[in-house]
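Engineer: Each chain, written out:
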Amino acid sequence: MIRWVALFLISSGMAVACEATGQRLSSKVLDAPEVHMVVDEVPLAQPFSILISVCDEIAIDTLRVDATMPAHQHGMNYVPKVTELGDGLFRVDDMLFHMPGLWELQVDVGFGGEPVSYTSEVELK
Amino acid sequence: MKVLLTAALIVLTGSVRAEVLLSEDEIQQTLSFGPWPPSVSSDPSNRVSNDVRAIALGEALFNDPVLSVDGAFACASCHDPGQAFTTSEARALGRVLLDRNSPSLRNLTGLRWYGWGGKSDNLWAASLHPIIEEQEMAHSKESLKSAIFESAYIDDFEAIFGGIQNQEPELVLVNTAKTISAYLETLTTDRTQFDDFRDALEQRNLAAASNYPEAAQRGLQLFLGRGNCVFCHNGPRFSNNEFHDAGVPYFLNETEVDEGRFRGLNLLLSSPYTLDGVWNDDPDKQGAWAVRSVRRSHSDFGTFRTPSLRGVAETAPYMHDGSLVDLEAVIRHYSEIDTERLHADGEAVIAELNLSEQEIADLVAFLGTLSSSP
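Chains as they are written, first to last, in the working numbering: chain A, 1 to 125; chain B, 126 to 499.
If you're looking for bench data, these hints aren't it; they were derived computationally from the structure. Note that the Cβ used here is the ideal one computed from N, Cα and C, for glycine as well. Heads up, a few of these hints could be off.
Quick look at which bits of chain A chain B covers, simulated, 3 or more residues with Cβ under 8 Å [to be verified]: (1) 40 to 52; (2) 76 to 87; (3) 94 to 101.
Some, not all, of what chain B presents toward chain A, calculated at C-beta under 10 Å [to be verified]: (4) 153; (5) 154; (6) 237; (7) 355; (8) 357; (9) 360; (10) 364; (11) 365; (12) 366; (13) 414; (14) 418; (15) 420; (16) 422; (17) 425.
Chain A extracted, bound-state conformation (with noise of 0.2 Å):
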């Protein structure tokens, strides 16, 4: 929790310091823009927030969380609620990984029309 106000509060009064700020997510997508995400430690089987951060200027259209277990072929039972803070910033609730276990969260960010899908792996025990 103490991470994610110290996030908001630096986005909040100056440009996105995305280099310094949590995970940095993958993409398949050349020269995407970078996106990265800053999670406190992930509660098994208990509802939890993430904040991702867009680093760029290009509008943004969308931005859409889910994450599956690919091992067991599920995802979550929960439709993550996606809030815009400003400034490239997006705070993510009602996330919960109800099984312990590897799962992949994907970030799908519209582009002025372009979707670009990113992903990250979370171990949980």
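Fit chain B to the known structure of chain A by using the hints.
Structural biologist: Using the frame of chain A, we list chain B on its own:
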């Protein structure tokens, strides 16, 4: 890395060697099943949660047939306090033989979902539904109001909620359910042999930890490892409180099926008694996020809520339809499971385990240590 930790125990009869068999990783996983009991707070959605008068009234009503329209039975008829708040019947007997096993009612505070199909997101709604279900206690809101008014409990009810004549029948129904809920919140399972083991591991007291039977330790290792049990049975309650296909047939007869979570969600999303509704006493509506954000899926069909394993040895028979008579039958079910019965589009968690007789006995031994009186 497997670390065999040996502690010598000195007893009156001499020296006995006992071991903690768990690896460091297994010990860390084991710590996640506690501490027990967990700290709990009052239910903000229920203004009489933790109210001693409401708890006493709820207990009295729970055990009194006044809550069934014809005085035929009480909550306790299917949730017998003398039988861990369930019964030994495979399926509950209401006005007809119901489709599901009566779940035990302990450790219910603060869950995200209630019931095998999760049709309630709070404990007072879960307490309310059986009162008005036609196949169960069959009250209407009006008949319940009359029954409470004419009962010996009217003074206690009015002392808590004010004059009953000024209350709409639906408010009387909700208030009654909230006293039941206040009582159910007090029902918890005691600490167990497993909790002593878990706490000893946390304190790095290996001598104390080694008192835990080796058969139970081997069973715990299977539970955490090859058995895959921990995928769904995790946390201090040994349940992720979500919904899964455990390979138990959901056909009720040749033409009917128990839709499980699929129907539970239909009922939940049409219910006025959720945390997102007007009967929630919490202005902040904490917990309502789940009913707002829950995702519907075809794979919900025939899935059922993961039951807690706390006190499990006391609550036979097992599974949503009570079809497995004892814990050994449950372990054999998962050991020999026919994966063809599982959802084609469901999760790939359960697989045939082919456990040995020793492994089955070890898992049963472990589960027995989750009860204070196995």
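Engineer: Run every hint past the structure and note whether it holds.
Structural biologist: These are the hints, each one checked on the structure:
| no. | hint | result |
| --- | --- | --- |
| 1 | 40 to 52 | holds (count 3) |
| 2 | 76 to 87 | holds (count 6) |
| 3 | 94 to 101 | holds (count 5) |
| 4 | 153 | 7 Å, holds |
| 5 | 154 | 7 Å, holds |
| 6 | 237 | 9 Å, holds |
| 7 | 355 | 7 Å, holds |
| 8 | 357 | 7 Å, holds |
| 9 | 360 | 6 Å, holds |
| 10 | 364 | 8 Å, holds |
| 11 | 365 | 4 Å, holds |
| 12 | 366 | 7 Å, holds |
| 13 | 414 | 5 Å, holds |
| 14 | 418 | 4 Å, holds |
| 15 | 420 | 5 Å, holds |
| 16 | 422 | 8 Å, holds |
| 17 | 425 | 9 Å, holds |
The structure agrees with every numbered hint stated previously.
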